[in-house]
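Residue numbers (our numbering), protein chains in the order written: chain A, 278 to 450; chain B, 278 to 450.
Derived from the structure by calculation, the hints contain no laboratory data.
One thing to keep in mind: the hints can contain errors.
It does not matter which identical chain is meant; a pair holds if it fits inside one copy or across any two.
What the hints assert, rightly or not - The calculated SDA-like cross-link candidates involving lysine to any residue, where the alpha carbons are at most 20 Å apart (straight line), are: (1) 305 x 437; (2) 357 x 387; (3) 305 x 406; (4) 305 x 349; (5) 357 x 377; (6) 357 x 386; (7) 305 x 343; (8) 357 x 382; (9) 305 x 435; (10) 357 x 414; (11) 357 x 383; (12) 400 x 410; (13) 305 x 376; (14) 357 x 308; (15) 305 x 280; (16) 305 x 317; (17) 357 x 318; (18) 400 x 436.
This is what each chain is made of:
There are 2 protein chains.
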Amino acid sequence: MSQPTFILGIDPGLANTGWGIIEVAGSKKSCLAYGCISTAAGDPIDLRLKQIYDGISAVIERYHPTELGIESIFFSANAKSAIATGQARGAALVAVAGAGLEVGEYTPLQIKQTIVGNGVATKEQIQYMVRAILKLDHVPKPDHAADALGAAICHANFRNDALRRSLKKEAAR
Amino acid sequence: MSQPTFILGIDPGLANTGWGIIEVAGSKKSCLAYGCISTAAGDPIDLRLKQIYDGISAVIERYHPTELGIESIFFSANAKSAIATGQARGAALVAVAGAGLEVGEYTPLQIKQTIVGNGVATKEQIQYMVRAILKLDHVPKPDHAADALGAAICHANFRNDALRRSLKKEAAR
Chain A
278 MSQPTFILGI
288 DPGLANTGWG
298 IIEVAGSKKS
308 CLAYGCISTA
318 AGDPIDLRLK
328 QIYDGISAVI
338 ERYHPTELGI
348 ESIFFSANAK
358 SAIATGQARG
368 AALVAVAGAG
378 LEVGEYTPLQ
388 IKQTIVGNGV
398 ATKEQIQYMV
408 RAILKLDHVP
418 KPDHAADALG
428 AAICHANFRN
438 DALRRSLKKE
448 AAR
Chain B
278 MSQPTFILGI
288 DPGLANTGWG
298 IIEVAGSKKS
308 CLAYGCISTA
318 AGDPIDLRLK
328 QIYDGISAVI
338 ERYHPTELGI
348 ESIFFSANAK
358 SAIATGQARG
368 AALVAVAGAG
378 LEVGEYTPLQ
388 IKQTIVGNGV
398 ATKEQIQYMV
408 RAILKLDHVP
418 KPDHAADALG
428 AAICHANFRN
438 DALRRSLKKE
448 AAR
């Protein structure tokens, strides 16, 4: 029986940064905790980013995850929202790097395919499957927390695949 | 004679984050130091952001600025560069907020008007004036450092204006 791994998932946003912690032991995945760091639109930008940084730092300190799954972002509705999301992502990733987590970035397509098995899945389909995979009583709310758990699950699967490939390689030697 | 104030200027970018420190005493401004934090395109994103955070933290620890001037960004050539710049800005601002600096954000137009007196100034005109205002032997290089010093000078002027207005208000009471 392999040791469980704790994986953090983050869905960064300036107003709402979702996070989730899953425990992975072999192919079994369960949810340890999830939540959302909300910041007030009227507050100075540096304080809002510091809240995100502090919030993620506190989650890492509490649950000691060793790996991170996060959605890669390359597109956005507009430059203004891209900059806002980028800043939140920067604040969160500084906290992650400070704690030495291994980072896996996944495209929205990879996350959808891993969780629903289909790259054009709706938000609702993803949330339904996140709930089913983690055997939760209800869909995690807010949406940001569900998306964060989705990124963590995606990382768990890619990680297992990579592990299997490297074990096969060793066995073949 | 008022106590000098040390102002940090930052020009954030994922590949190159320029910084500069100016000393302001009354209307006199001088340059204390400037530089650029460069990160390698091939390195993981979290490590690159951590380098920016660590670099800005080290500058603050060394020069003890109490205020920051930074360009506000709302537009960008494309979403990809907006996200990259946003992430760098987020990492830098977390360092600034952690050290408790007062933050002044200025539009590109405000910076150009403050430094050159003209909102359509070219990059070369700004660099020429940054050099002249700070009485430097040569134009600060790289461009990111010159832009960072420009943001710091802009903050110094807006700050003096605000100070004068509040003194006038007090005198009128």
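Hints, one by one, checked against the model:
1. Within a single copy, residue 305 and residue 437 get their C-alpha atoms as close as 11 Å, which meets the 20 Å cut-off; across copies the closest is 61 Å, which misses it.
2. Taking the closest pair of Cα atoms, residue 357 and residue 387 come within 20 Å of each other only across two copies (19 Å); inside a single copy the shortest separation is 25 Å, beyond that limit.
3. Within a single copy, residue 305 and residue 406 get their C-alpha atoms as close as 15 Å, which meets the 20 Å cut-off; across copies the closest is 63 Å, which misses it.
4. Taking the closest pair of Cα atoms, residue 305 and residue 349 never come within 20 Å of each other, the shortest separation being 25 Å inside a single copy and 46 Å across copies.
5. Within a single copy, residue 357 and residue 377 get their C-alpha atoms no closer than 30 Å, and across copies no closer than 26 Å, so neither meets the 20 Å cut-off.
6. Taking the closest pair of Cα atoms, residue 357 and residue 386 come within 20 Å of each other only across two copies (17 Å); inside a single copy the shortest separation is 23 Å, beyond that limit.
7. Proximity of residue 305 to residue 343 under the C-alpha cut-off of 20 Å is restricted to the intra-copy arrangement: shortest distance 17 Å within a copy versus 51 Å between copies.
8. In this homomeric assembly, residue 357 and residue 382 come within 20 Å of each other (Cα to Cα) only across copies, at 15 Å, whereas the closest approach inside a single copy is 22 Å.
9. In this homomeric assembly, residue 305 and residue 435 come within 20 Å of each other (Cα to Cα) only inside a single copy, at 14 Å, whereas the closest approach across copies is 58 Å.
10. Taking CA atoms no more than 20 Å apart as the test, residue 357 paired with residue 414 passes in neither setting, with 37 Å inside one copy and 38 Å between copies.
11. In this assembly of identical chains, the alpha carbons of residue 357 and residue 383 lie at most 20 Å apart only when taken from different copies (16 Å versus 23 Å within one copy).
12. For the homomeric pair residue 400 and residue 410, the shortest alpha-carbon distance inside one copy (15 Å) is at most 20 Å, but the shortest distance between copies (54 Å) is not.
13. In this homomeric assembly, residue 305 and residue 376 never come within 20 Å of each other (Cα to Cα): the closest approach is 25 Å inside a single copy and 43 Å across copies.
14. With identical chains, the CA atoms of residue 357 and residue 308 are never at most 20 Å apart, being 33 Å at best within one copy and 32 Å at best between copies.
15. Only within a single protomer do residue 305 and residue 280 lie at most 20 Å apart by alpha-carbon distance; the minimum there is 12 Å, versus 63 Å between protomers.
16. For the identical chains of this complex, residue 305 and residue 317 are neighbours neither inside a copy (37 Å) nor across copies (37 Å), given an alpha-carbon limit of 20 Å.
17. In the homo-oligomer, the alpha carbons of residue 357 and residue 318 lie at most 20 Å apart inside one protomer (14 Å), although the nearest pairing across protomers, at 24 Å, exceeds that limit.
18. In the homo-oligomer, the alpha carbons of residue 400 and residue 436 never lie at most 20 Å apart, since the shortest distance is 23 Å inside one protomer and 47 Å across protomers.
Hints 4, 5, 10, 13, 14, 16, 18 from the list above are not met by this structure, while the remaining hints are.
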